[in-house]
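Starting from the structure of chain P, add chain G where the hints point.
Residue numbers (numbering that gives the first Met the number 0), protein chains in the order written: chain P, 0 to 385; chain G, 0 to 385.
I should point out that these hints are in silico values taken from the structure, not numbers from a laboratory. Hints should not be assumed to be uniformly reliable.
Stated by the list, open to error - Pulled from the structure, derived: some chain G residues nowhere near chain P, Cβ distances all over 10 Å:
1. A100
2. G227
3. V337
Stated by the list, open to error - Cut-off 25 Å, straight-line C-alpha distance, at most; resulting in silico cross-link-like pairs (SDA-like, lysine to any residue):
4. K114(G) / A203(G)
5. K114(G) / Q130(P)
6. K114(G) / Y138(P)
7. K114(G) / L128(P)
8. K114(P) / I19(G)
9. K114(G) / S18(G)
10. K114(G) / A71(P)
11. K114(P) / S18(G)
12. K114(P) / R15(P)
13. K114(G) / R15(P)
14. K114(P) / L140(G)
15. K114(P) / L148(P)
16. K114(G) / G177(G)
17. K114(P) / L128(P)
18. K114(G) / A10(G)
19. K114(P) / G33(P)
20. K114(G) / L127(P)
21. K114(G) / L133(G)
22. K114(P) / G139(G)
23. K114(P) / E22(P)
24. K114(P) / L127(G)
25. K114(G) / G33(P)
26. K114(G) / E154(G)
27. K114(G) / L127(G)
28. K114(P) / L128(G)
29. K114(P) / Y138(G)
30. K114(G) / L140(P)
31. K114(G) / G158(G)
32. K114(P) / A10(G)
33. K114(G) / L128(G)
34. K114(G) / L148(P)
Using N, Cα and C, we set each Cβ at its ideal position, and we do this for glycine too.
There are 2 protein chains.
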Amino acid sequence: MSRSIAPERYAQRLERAQSIAAEREVGALLVGPGADLRWLIGYEAMPLERLTMLVVPATGRATLVVPRLEVAAARAASGVEHGVVDLTSWEETDDPVDLVARLEGVATAAGRGAKLLVSDRLAAAFLLLVQARLPGAVYGLASAVLSDLRAVKDEEEIGLLRRAAQAADRTVAAICAGRLVGRTEADVAREVRERLVAEGHDEAAFWIVASGPNSASPHHGASDRVIGAGEPIVLDIGGRIEGYGSDITRTLWPTGGDAARGPDVEYRTLFGTLERAQAAASAAAVVGATGEEVDAVARSLIAEAGFGNAFIHRTGHGIGLEGHEEPYLVSGNQQPLVAGNCFSTEPGIYLEGRCGARIEDIVVCHSDGPDILNAAPRSLAVVSGV
Amino acid sequence: MSRSIAPERYAQRLERAQSIAAEREVGALLVGPGADLRWLIGYEAMPLERLTMLVVPATGRATLVVPRLEVAAARAASGVEHGVVDLTSWEETDDPVDLVARLEGVATAAGRGAKLLVSDRLAAAFLLLVQARLPGAVYGLASAVLSDLRAVKDEEEIGLLRRAAQAADRTVAAICAGRLVGRTEADVAREVRERLVAEGHDEAAFWIVASGPNSASPHHGASDRVIGAGEPIVLDIGGRIEGYGSDITRTLWPTGGDAARGPDVEYRTLFGTLERAQAAASAAAVVGATGEEVDAVARSLIAEAGFGNAFIHRTGHGIGLEGHEEPYLVSGNQQPLVAGNCFSTEPGIYLEGRCGARIEDIVVCHSDGPDILNAAPRSLAVVSGV
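For reference, chain P alone in the conformation it holds in the complex:
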């Protein structure tokens, strides 16, 4: 499953998580299915109604608790296969929360009022059961320990993000070269899904094809609207390779082969502003800059051009095993970027009900400056689309 991540990486990650947990007097981390679990032991667990939970005490061995049905899948996870964690399973009529509560680190922590940190995406159904079983503990989020660790990517992870970005670049190039006019957004989205996989992703993850007035809605999906000549298309797409995501946005303008149907001066002005703002944000993403500083670089350029109210979202989000994770480039984030952070830079300008535009790249923060993983041209892609 995670062939590119060396097995010893998981032991190192657990050790670092445990060392921080011990420092902060955390009893244990309780990690359900999701990116934290995959990052810690390489197990891509299904989010089931049956409890799967990795219990990581501040000291000693970690234990992965799985329903019996999942034992074969869990054994194949790198961290289990290589003996980094113990595996224990429960039967259909067992109480898995009781099993968790009796594990080393958990019961003792609850007894002395210590902290139990649950993974951020753990379902409320499980959290309430754990709280009811161990009312003496103080509950917090595992991200307090894990998110700074996960936000610093190692070379293997950056390699996967780079491969994903390149596959996304090729997908954009193919869509720009193909027919657009007269097709529905949904039909183009179908092609995007197929091409994301054909170009090397394990799976397609999302496919926004927002044409004409839909381009003014940042999280539009792909509707039955037929794409016309002489209007913008915001294409925001991504897939995953071994869990690591791509996420690219380009704005296209199909003319239908009629040069007279190109973008007007107002749209060119809007797009020129956006292009400068996006480039400036990427360039500002250096070690030591805070998330809000990078956001402000893009935001001030857009505001100076008179589009301040039309940039209605943050400048970017971290990316890794989750499509959106730390660090966020947003007002209020005063944490300085460090080498190994990977994130999007994606300002947008949206004129409600009329049109919009967005440009997005994935950027790695290196000690010698920002490394932009995407290489597809960022300028407005004025294409024939027929």
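Coordinates of chain G only, in the frame set by chain P:
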């Protein structure tokens, strides 16, 4: 999005949920993205790191809180479009939990120590924030109110489940008729995904192709193993139409065109036992029977034939907007089935490391008896596979 569900249904569902909430002295339901939200107002929200929450007070208007980016998508949801709930949005730098806490029903509930019920899949990150902001409330799960309601499907919902089941039947037929021997499980799974959609699903949801010894692992996915002649394949697949799922399992046996490579007596005995057990479970799924009684019907037949230890999971699970939901056919579930319940009947027999088999249908519990939505032949599909 949910064209088959009449708009007035959402107002009725909210009203029923509120009426139960009022009876039980619940202050409000706090419903995040997922099946509960879709069932209540027809909104298929993305599970984002930004808070989306439907706040349903025991009396008065419900309010959907969304990040500004999602306003356009939220407006298109049936319950919002038809004015069943109010919509309010928050900006990137706002505190959405504070917004929720100040809504009618929530603040007052927290003040007088009343119950706030959160959706079962709400992320722990949001639940802990709500608990910290409103420490005076007593927290429980929204399923306490919603799961009995959601478990009784109306005719529109059964219609969608039936369409999905029929699309799944056709997919199974196509796979049985095609080449299997010499292909990898993953390659067959790719075909399954494509056919599930081609046969009428909006999307493919899962695709277990478990051949040879892999058939002994109930939740095997689809690996790079090459399928051989003369071995079983457990095919467990499903997709969704307007959110409602199909879920069918059939067991295939490709001979490679060589009659001598058919199943041996031991496997035929195992499969005959399974077929009788599955049919008996479906027949036992009548109004008034409990989940554990239906489970016991299948289990006792399998145990009598000497395979008791090889049936390592429950007999079935409810299905609707979630692939697994109430009612569960499992030991310990003493709740009687009612008309409108929809669930799988899917016993399996697994000889670890060697081989296994499973048969699964979706069944609707009607006042005049069980209605089996799947019609694909249940017997062992001995096919040439070349």
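To see whether the hints hold, each was checked on the structure:
{"no.": "1", "hint": "A100", "result": "holds, 17 Å"}
{"no.": "2", "hint": "G227", "result": "holds, 20 Å"}
{"no.": "3", "hint": "V337", "result": "holds, 20 Å"}
{"no.": "4", "hint": "K114(G) / A203(G)", "result": "violated, 38 Å"}
{"no.": "5", "hint": "K114(G) / Q130(P)", "result": "holds, 16 Å"}
{"no.": "6", "hint": "K114(G) / Y138(P)", "result": "holds, 20 Å"}
{"no.": "7", "hint": "K114(G) / L128(P)", "result": "holds, 16 Å"}
{"no.": "8", "hint": "K114(P) / I19(G)", "result": "violated, 36 Å"}
{"no.": "9", "hint": "K114(G) / S18(G)", "result": "holds, 15 Å"}
{"no.": "10", "hint": "K114(G) / A71(P)", "result": "violated, 40 Å"}
{"no.": "11", "hint": "K114(P) / S18(G)", "result": "violated, 38 Å"}
{"no.": "12", "hint": "K114(P) / R15(P)", "result": "holds, 18 Å"}
{"no.": "13", "hint": "K114(G) / R15(P)", "result": "violated, 39 Å"}
{"no.": "14", "hint": "K114(P) / L140(G)", "result": "holds, 23 Å"}
{"no.": "15", "hint": "K114(P) / L148(P)", "result": "holds, 19 Å"}
{"no.": "16", "hint": "K114(G) / G177(G)", "result": "violated, 55 Å"}
{"no.": "17", "hint": "K114(P) / L128(P)", "result": "holds, 16 Å"}
{"no.": "18", "hint": "K114(G) / A10(G)", "result": "holds, 23 Å"}
{"no.": "19", "hint": "K114(P) / G33(P)", "result": "holds, 21 Å"}
{"no.": "20", "hint": "K114(G) / L127(P)", "result": "holds, 13 Å"}
{"no.": "21", "hint": "K114(G) / L133(G)", "result": "holds, 11 Å"}
{"no.": "22", "hint": "K114(P) / G139(G)", "result": "holds, 21 Å"}
{"no.": "23", "hint": "K114(P) / E22(P)", "result": "holds, 12 Å"}
{"no.": "24", "hint": "K114(P) / L127(G)", "result": "holds, 13 Å"}
{"no.": "25", "hint": "K114(G) / G33(P)", "result": "violated, 29 Å"}
{"no.": "26", "hint": "K114(G) / E154(G)", "result": "violated, 33 Å"}
{"no.": "27", "hint": "K114(G) / L127(G)", "result": "holds, 15 Å"}
{"no.": "28", "hint": "K114(P) / L128(G)", "result": "holds, 16 Å"}
{"no.": "29", "hint": "K114(P) / Y138(G)", "result": "holds, 20 Å"}
{"no.": "30", "hint": "K114(G) / L140(P)", "result": "holds, 23 Å"}
{"no.": "31", "hint": "K114(G) / G158(G)", "result": "violated, 35 Å"}
{"no.": "32", "hint": "K114(P) / A10(G)", "result": "violated, 42 Å"}
{"no.": "33", "hint": "K114(G) / L128(G)", "result": "holds, 16 Å"}
{"no.": "34", "hint": "K114(G) / L148(P)", "result": "violated, 37 Å"}
Hints 4, 8, 10, 11, 13, 16, 25, 26, 31, 32, 34 from the earlier list are contradicted by this structure; the remaining hints agree with it.
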